[in-house]
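2 protein chains.
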Amino acid sequence: MADGKMVEKLKKLATLIRYYILTMTTEAGSGHPSSSLSATELMASLLFSGIFRFDVDHPKASNNDRLIFSKGHASPLFYALWAAAGELTEKDLLTYRKFGSQLEGHPTVAFPFAEAATGSLGQGLSIGIGMALNAKYLDKLPYRTYVLLGDSEMAEGSQWEAIQLAAHYKLNNLIGVLDVNRLGQRGETMLGWDLNVYEKRISSFGWKTIAIDGHSIPEILAAYAEALLGTDQPTMLIAKTIKGKGVSFIENKNGWHGKALKQEECDRALKELGDVDKSVLGEISLPEDLKPKEGPPKGVPKKIDYPADKPVPTRKAYGNALARIFPQFPHLVSLDGEVSNSTYAEIFKEAYPDRFFEMYIAEQNMVGAALGLSRRGKIPFVSTFAAFFTRAFDQIRMSQYSDPNIKFVGSHAGVSIGEDGPSQMGLEDIAIFRAILNSVVLYPSDAVSTEKLVEEAAKHDGIVYIRTTRSETPILYRPDEPFKIGGSKVLRKSEGDIATVIGAGVTLYEALEAYESLKKEGILIRIVDLYSIKPVDETTLREAASATKSIITVEDHYPEGGIGEAVKSALATSAVPIYSLSVTKKPKSGKPQELLDYEEISRKSIVSKIRELI
Amino acid sequence: MADGKMVEKLKKLATLIRYYILTMTTEAGSGHPSSSLSATELMASLLFSGIFRFDVDHPKASNNDRLIFSKGHASPLFYALWAAAGELTEKDLLTYRKFGSQLEGHPTVAFPFAEAATGSLGQGLSIGIGMALNAKYLDKLPYRTYVLLGDSEMAEGSQWEAIQLAAHYKLNNLIGVLDVNRLGQRGETMLGWDLNVYEKRISSFGWKTIAIDGHSIPEILAAYAEALLGTDQPTMLIAKTIKGKGVSFIENKNGWHGKALKQEECDRALKELGDVDKSVLGEISLPEDLKPKEGPPKGVPKKIDYPADKPVPTRKAYGNALARIFPQFPHLVSLDGEVSNSTYAEIFKEAYPDRFFEMYIAEQNMVGAALGLSRRGKIPFVSTFAAFFTRAFDQIRMSQYSDPNIKFVGSHAGVSIGEDGPSQMGLEDIAIFRAILNSVVLYPSDAVSTEKLVEEAAKHDGIVYIRTTRSETPILYRPDEPFKIGGSKVLRKSEGDIATVIGAGVTLYEALEAYESLKKEGILIRIVDLYSIKPVDETTLREAASATKSIITVEDHYPEGGIGEAVKSALATSAVPIYSLSVTKKPKSGKPQELLDYEEISRKSIVSKIRELI
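Residue numbers (the working numbering), protein chains in the order written: chain P, 1328 to 1941; chain V, 1328 to 1941.
Careful, some of the hints might be misleading.
Any copy, or any two copies together, can satisfy a pair, since identical chains are not distinguished.
Below 16 angstroms or equal to it, Euclidean Cα-Cα: the simulated EDC-like pairs (lysine to aspartate or glutamate) are [to be verified]:
1) K1918 / E1354
2) K1811 / D1788
3) K1425 / E1354
4) K1912 / D1730
5) K1913 / D1730
Treat the hints as calculated values from the structure; they're not laboratory data.
Please put together the full structure from these sequences, using the hints given.
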């Protein structure tokens, strides 16, 4: 247990950390000092007591314990901790929130000690799950993952997704630290200081819970020690704390969320802190030097082999591809939201059960966990119905600020899924994934291009979205046809093309059928397979724009943010008229072809549009 | 308690309902019979025992109990219930999942007895909360809201958001019926048949729980009776059931999710059912005929009054507007996600506390509840940071299939929020709201236009998104200036305009500053305030396209799906070149103006772009 000397030193460190929190936020003129002060003892006691093991010279090292501030607005505390550890100077802290500083308003990976960007609440625990899954099931390393949680954010459903899954996977290497300071942004939380209810809820989900006074260093140290005792459960420290602790005139007072102290208030507050010993250094223990479990030796994938005359759903080609390319990408893992028999992630699961994680119907946590895995060097492929990525769009959006390497694969795109109706139709998935900075959006039409593009996605370092189709589609390409991110294929082309029709997925086949009908009448059109929607192949589009009188885009997606607008953006300075066929009526149940006709995105509508333009 | 005759009749009805479930799905060739069969007794006992009160001739009547199938894939059961009640014929049922039928694959409001469209799991309870809040706090009617839940969907965090909030608001008029059939789509759920854990979890969140055998009609009837006993808690019936119940060869078997029986299998199954009495009619009790509590008498809003020389943040004008227009729209309610002091919904809350609901940091449930309120005739205005609507995009997406009347208001748009950094910046909000069918997207720049557009939003029946700005912006318009959905304002115009610059929000002011700089050099540009991004004012855009040589859009949003692409879509058949300035670098913390400059969406970049074009 804690000796008196350790407690004294931690108290000194806590005072120094409070000094940093107050001075840096007052200098910045904004920030969340009160939310930082409540968790000061909780975090100082973790980092500087020997519990936390971290090689400060190698923040990315495999054996380091991980620390995630899910309550990202407590960034002043986060940075102050690293200053107390000697990794930031007081001068560095005074750049907080200033343009160009690594010390952003909410932690981002611009700061090397941040495991991931946080600030949208209720996401840190999921990221921690990814890291804990990696430690326990993949790298097989003894590092632990600590997540600081706010009490307000416990209202987010994503927390309970994470809590249930952590228990399900017996993540005894995951420790949550819940800072129950009672006050949210605009008033009291639903549960206030009722630690008992937090304990009941969290323990009912299978966690070990330890309720403590979050300002008593001996209690905190004892709790961490207890958390590390052998068990197969994750542990939650539930700490009663005081928001603004240490500054009497803001302690436990409403109206002090997200508010820096004015200079004179800060001066008063610093007086209350008493002596600040700037010479005290927070020492962090080194972790053991262990090697992550090696994956299988790298191998060469089998060749792609689909009979040219047998239609295959691209979702199935996705599953095949994942299993096929694994030898080449031994860091690959697959996560699926309880629909692996629909997305065909099950093909990979059957081939490599140890690299597959069933994430159940909890898409938010699935995406957060994928980010955690990605931050630990894995290449997660995350699959569910295209429509259900809308459920996790905040996690997807946030992931972009952590330099992630995640592949999202959405099956059941568009009205072409048929009878299940609109709730299951991905009709805005292209829009959301295009709106992620530097994302790649791919939409293969046949099995061969799917296989090739899954491989390209695995090679690419960043966020990639792949849209797959429920129904079978004919093979278009030979197995040696090359595909690249940013490319496209011109499938029909002649000197006399009067228009270019651009499709992808089911609409590409509709365009090819339209081509055949029109050809019989002597009308020739160019057909482009726009399999890379972002980045888009501007060269081919510009050629088409200058060679043909008009461009028609056809997509099984709502008009906004989809293929039509991608093409319009690429050709915004070209004079060519662009016409877009897309889903514009409320979709219904029905047969796929009925729905394509109803939405006027089938061969018929393409033919009529071309006739109208002649 | 239940008499023997009642139980006998309910058994007969259950058999008839099973007959319908099997025949309609086999005829359709798809659907979820096994998930319907597990809940047959649960639902038949509710509807046809006198517990459920519903006027079948007036399905929208205020006093009706509400029934929501959160497990929307059990639609065959849902339709079969209404057939057993005499509201659908057997012939009607055979149109299930066919194009044009009201009986879609997952329930939609095309079917008049569906309270809302469901099918994306984990959303029905939130919708039910909206209806229960309405009953208890607004209409003050004794109707009850019943929600049928699947066990797989309990993995969704949104369920726990709903569960916590229902207890917080003491919704003793809300009854959940949890169909624990153990099997999800691809295998067992995390908890299988462990009813005890479900009870612990749900009761720890403040609900009354009743565990039962979900195929024992007497137990079910007793549980409903107990649920209705006076208490201030919502109640969850937790029912152990068998997936596929009644058909021996699919009962409790994996691999039978979402699969219709083939004709010969169906014949075998029907034999097992034994005698089906098609003459038995399920009688539903009528509700009392009570009047909803009247709101205040309709009044006339005060006049808009802002000093012309005093900048006001549009988010504050939003709060002012809501409070101002309430007399004109007494069905208006406000929901906020624990940020009412940032969105300024607090101004309305202070004026009309009974019409404001604090929804805490649980955006998914907030949106679902708004849909429930909307379906009961209220006009919910839902506010949070623009960025955090991404958290609820699945609920927003799904709401469009329920003919909703909901207004979403997102504050803290774009990089112009400054120091808080990217996690808090709404940079894809326009993209997501544009991608909703028939949505309206408004982006006022000053306080006056905000007031006017909030009023237009309240008048408009449908989904409206209003984007507001964190920082103060100068007043541009006189209080009598008219604004309409689909309009725009040309703020600077001359014969000699060499280009048109289109902005909204902060970028409009940047454009106006650019205008002043360029004017000094004798360069004239046209400036358009594109306050209505969807629908967009095509007439004004076309005029600008023909009058000026080029168009420049400037927006504090990512390029995809935003103002630039809205304009490009409107002018896709025009030859005018369109240049777009938008957020294209990973945003950081910093001062608003620093960030606008960094992202090249400020006056400087507008001026350079214009110079480049000369």
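Out of the numbered hints, which ones does the structure contradict?
-> none
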